[in-house]
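Colleague: Turn these sequences into a full structure, and let the hints guide you.
For the sequence shown, this note's numbering assigns the number 3 to the initial residue and increments by one for each residue that follows.
Rather than coming from a laboratory, the hints here were simulated on the basis of the structure. Hints may contain errors.
[As the list claims (entries may be wrong)] The list that follows gives simulated cross-link-like pairs (lysine to any residue, SDA-like), each with its CA atoms no further than 20 Å apart:
#: 1; residue 1: Lys-35; residue 2: Thr-17
#: 2; residue 1: Lys-35; residue 2: Thr-49
#: 3; residue 1: Lys-35; residue 2: Gly-241
#: 4; residue 1: Lys-35; residue 2: Ala-262
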Amino acid sequence: MKTLEAALDAEAERTAFSGVVRVDRRGVAELAKAYGLADRAHGIPNTVDTRFMLASVAKGFTALVVMSLVADGTLPLSTTARSLLGGDLPLIADDVTVEHLLAHRSGIGDYLDDDERSDDINTYTSSVPVHRLDTTERYLEVIDGFPTLSRADERFSYNNAGYVVLALIAERASGVGYHDLVRRRVTEPAGLTDTGFWRTDELPGDHAIAYLHAAGLRSNALHLPVLGTGDGGISSTAGDLAAFWRALFGGRIVPIELVAEMTRPRSDWPEEDRRYGLGFHVHRTSEAVWLEGYDAGVSVCTTYDPASGIIHSVIANWSDGAWPMLSVLDEHLGTA
Numbered sequence: 003m004k005t006l007e008a009a010l011d012a013e014a015e016r017t018a019f020s021g022v023v024r025v026d027r028r029g030v031a032e033l034a035k036a037y038g039l040a041d042r043a044h045g046i047p048n049t050v051d052t053r054f055m056l057a058s059v060a061k062g063f064t065a066l067v068v069m070s071l072v073a074d075g076t077l078p079l080s081t082t083a084r085s086l087l088g089g090d091l092p093l094i095a096d097d098v099t100v101e102h103l104l105a106h107r108s109g110i111g112d113y114l115d116d117d118e119r120s121d122d123i124n125t126y127t128s129s130v131p132v133h134r135l136d137t138t139e140r141y142l143e144v145i146d147g148f149p150t151l152s153r154a155d156e157r158f159s160y161n162n163a164g165y166v167v168l169a170l171i172a173e174r175a176s177g178v179g180y181h182d183l184v185r186r187r188v189t190e191p192a193g194l195t196d197t198g199f200w201r202t203d204e205l206p207g208d209h210a211i212a213y214l215h216a217a218g219l220r221s222n223a224l225h226l227p228v229l230g231t232g233d234g235g236i237s238s239t240a241g242d243l244a245a246f247w248r249a250l251f252g253g254r255i256v257p258i259e260l261v262a263e264m265t266r267p268r269s270d271w272p273e274e275d276r277r278y279g280l281g282f283h284v285h286r287t288s289e290a291v292w293l294e295g296y297d298a299g300v301s302v303c304t305t306y307d308p309a310s311g312i313i314h315s316v317i318a319n320w321s322d323g324a325w326p327m328l329s330v331l332d333e334h335l336g337t338a
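Modeller: Structural data, given as structure tokens:
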């Protein structure tokens, strides 16, 4: 790993990378290295155990919550969203199912339209004051009112709102709050002691501040909900992400046959040169799967390749920090 480490060091210096890189092979950590500062104002460095915001990595956790409810018979994949939404979100078609939402094939309108957003992810601000978004139910006012884009199962279209709807459906079907569902059904069975949802105004001391740019003190505090839900907002460490993949493919979160179903490609996504399953990105030609997150102050990708047994993660605490380092990993590990 010395050649890889040298390449990562050079790229980190060139791009002002701030975050953590970790590589595991068949259960053994081969490289774990931190760069940059967790708190720039106070000069506190990142460590390999620093917690970071992970943005849309949360979608994989939401998908697992739902599939655990599928496994115990609480929420069949064929369940319609309408059967649990009642009169809420009336623009969601009556035939949209849990499976459609998981696969990004629901056709529902999305409150985050990537086609209309600026190329600069740091410019996005919520239509609702972020301090009000502290429960899944309160997201209803954010995701309501967006017309249907296509018929259910007609096509793939990445959709953030769909995963907020899934969190809401899971809450209503189980009678348990979404954040507790994640803890009880995903993080605790997987042994993830440093993973969870924290309010952005109550971050623990070992949590990195998320910055908008490679330099400066401007954070993402005014850009993201104060408490995330089904489509984003979870935090974790590089070590917990490695443990997550081992637990997932060891059948400790949901039965292994459901893992296979979730990581089976359901759609091609040629614009992003990949495929998609149920909550997981799938490599265009191999069985490698990953979760990624990209938002103001957050960039992360964590990947598992069953063929090689390699798990690798890059987590950055500024908006575009992870991608150059990820390219180095892919080049050296042959995972591109």
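Colleague: Starting from the hint list further up, note which numbers the structure goes against and sort them upward.
Modeller: 4
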